[in-house]
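Asks: So you can see what is in the structure, the chains are spelled out below.
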Amino acid sequence: MWVRTLLLIAALLAATGCATTRPWEREALSRGVMRMDGDAEEEALRHHVLSTREGTAGSLGGGGGGCGCN
Amino acid sequence: MRLQLGSGGGVPTPLALALLCLAAPAAAQPETRVAVDALYYTDTDNVMAFTPSVSARHRFEDGGSVGARGALDVITAASVDVVSHATNRFDEARTEGAIDFAVPIDDALFRMAYRASWEPDYLSNGLSAGLQLRLGSADSVLDVSYGLTWDVVGRTHTPWSSFSEDLFTHALSLSLTQNLGPETVLRLVYSPTIQDGYLEKPYRYVPLFDDTGQQLASRVPENVPDLRHGHAFGARLLQYLEPIDGSLRVDYQLYVDGWGVTGHVVEAVGLASASDGLRFGLRGRFYGQTAASFWQRQYTVPPGQLPRWRTLDRDLSPYVSVTGAARLEWNVDDVSGYLDGAATYTRFLDFLLLDERVAIVTQIGFRWTPR
Chain G
1 MWVRTLLLIA ALLAATGCAT TRPWEREALS RGVMRMDGDA EEEALRHHVL STREGTAGSL
61 GGGGGGCGCN
Chain U
1 MRLQLGSGGG VPTPLALALL CLAAPAAAQP ETRVAVDALY YTDTDNVMAF TPSVSARHRF
61 EDGGSVGARG ALDVITAASV DVVSHATNRF DEARTEGAID FAVPIDDALF RMAYRASWEP
121 DYLSNGLSAG LQLRLGSADS VLDVSYGLTW DVVGRTHTPW SSFSEDLFTH ALSLSLTQNL
181 GPETVLRLVY SPTIQDGYLE KPYRYVPLFD DTGQQLASRV PENVPDLRHG HAFGARLLQY
241 LEPIDGSLRV DYQLYVDGWG VTGHVVEAVG LASASDGLRF GLRGRFYGQT AASFWQRQYT
301 VPPGQLPRWR TLDRDLSPYV SVTGAARLEW NVDDVSGYLD GAATYTRFLD FLLLDERVAI
361 VTQIGFRWTP R
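Residue numbers (my numbering), protein chains in the order written: chain G, 1 to 70; chain U, 1 to 371.
If you're looking for bench data, these hints aren't it; they were derived computationally from the structure.
Each statement offered as a hint is correct.
What follows is a list of derived Cβ distance ranges for each label pair:
#	chain 1	residue 1	chain 2	residue 2	range
1	U	Trp-118	G	Glu-43	21 to 27 Å
2	G	Glu-27	U	Val-358	41 to 47 Å
3	G	Glu-43	U	Val-358	21 to 27 Å
From the structure, some residues in chain U lie toward chain G, with a derived Cβ separation under 8 Å:
#	residue
4	Asp-37
5	Tyr-41
6	Ser-55
7	Asp-139
8	Glu-183
9	Val-185
10	Gly-246
11	Tyr-255
12	Leu-271
13	Tyr-287
14	Asp-315
15	Tyr-338
16	Ala-359
Computed from a predicted structure; not experimentally measured.
We treat Cβ as the ideally placed atom computed from N, Cα and C, and that holds for glycine.
Please model the complete structure; the sequences and the hints are all you need to start from.
Replies: Right, dumping it as structure tokens:
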């Protein structure tokens with residue numbers, strides 16, 4: 001049941017994959033203030049505190065986003 | 001390769017769309033970076049922690065990377081739940097080490113990480129693997145990861161052979177990051193977790209009360225179910241703000257689990273550029289959760305009987321907290337850094353030993369990236 005649900009979610013997510021910006025439209029997305037994920041080392045320390053102070057706090061980490069520069 | 005939806009005949013399946021969208025990740029300049037961070041935590045419940053960490057990372061031209069990190073946690077605690085067990089205070093040090101690497105494989109980026117931490121009464125090993133996939137362009141990125149953590153819980157001044165319990169945590173994460181336009185990015189995340197094993201703390205003894213409200217002479221060890229399923233659903237929206245060359249990020253996360261706990265997190269982060277190498281930021285965060293189904297402020301029992309599930313864990317009680325924070329980021333030649341200060345007020349709504357807590361967290365970090 002869970003496997004089927006996850007596959008369905010993955011398929012729906014994959015279906016949304018589409019281009020919304022052209023390379024020359026990604027100047028703002030490449031700015032330093034537009035990092036979707038914070039600095040990994042800084043976030044590791046911060047989440048260590050959150051995990052001990054908030055009972056259900058997780059992470060909204062993921063991958064990619066923005067200009068796709070690296 | 002880009003995919004424009006809505007043209008052409010027929011209705012492609014989601015899988016076909018995903019395959020059509022595959023494109024190679026962009027190449028990056030090789031880069032080596034050394035990072036030093038330190039965090040200081042103190043609160044009105046007499047807990048203090050100091051955590052320095054150092055790490056190094058090298059990114060290869062093909063998008064792969066290797067990294068290593070070491071951290072030390074020095075904790076001094078005389079919190080109310082510690083002193084309520086007739087212990088004045090404890091001082092403890094935790095050491096953590098981690099390594100990770102990422103390798104591009106065709107159109108995807110595969111990564112693995114291993115982390116180990118040890119302290120006198122707790123050992124933890126975590127192994128995780130993840131796959132990041134561009135769905136056609138940098139506009140859509142799918143990320144799937146799985147992590148397994150194996151913790152061994154012991155007791156201070158007690159040999160591991162006399163007392164040790166295992167706890168296994170399985171964590172899956174599925175996220176989609178989508179550029180909604182030239183200035184807007186959205187991420188959706190689903191993270192189920194399973195914890196299986198010893199979820200108590202060996203130092204927690206629960207006070208019991210009779211029906212007149214009098215506390216009974218003896219306390220009993222905490223006892224909670226050995227299995228906990230959790231589901232976290234999150235969304236993150238990031239918007240560029242051109243007038244201040246800044247951004248606004250808003251997060252929301254809903255958490256539900258099999259113990260009856262529901263948690264909400266709302267966080268907003270604003271960043272503004274003062275110049276090329278100087279940025280300011282403000283952060284606000286709200287956290288709130290309901291109690292576990294078996295949580296009780298006072299466990300009232302008939303003589304000679306015990307409640308099957310009983311706990312003194314604040315994280316299973318209902319509470320709310322609000323955080324306000326400010327930060328400064330700078331960048332001068334090869335060195336960048338940040339200073340972040342936060343204050344958190346927590347209100348415990350149904351906890352016998354503590355009503356409120358104020359915590360101060362200060363964090364500073366430096367990055368050296370030789371060019």
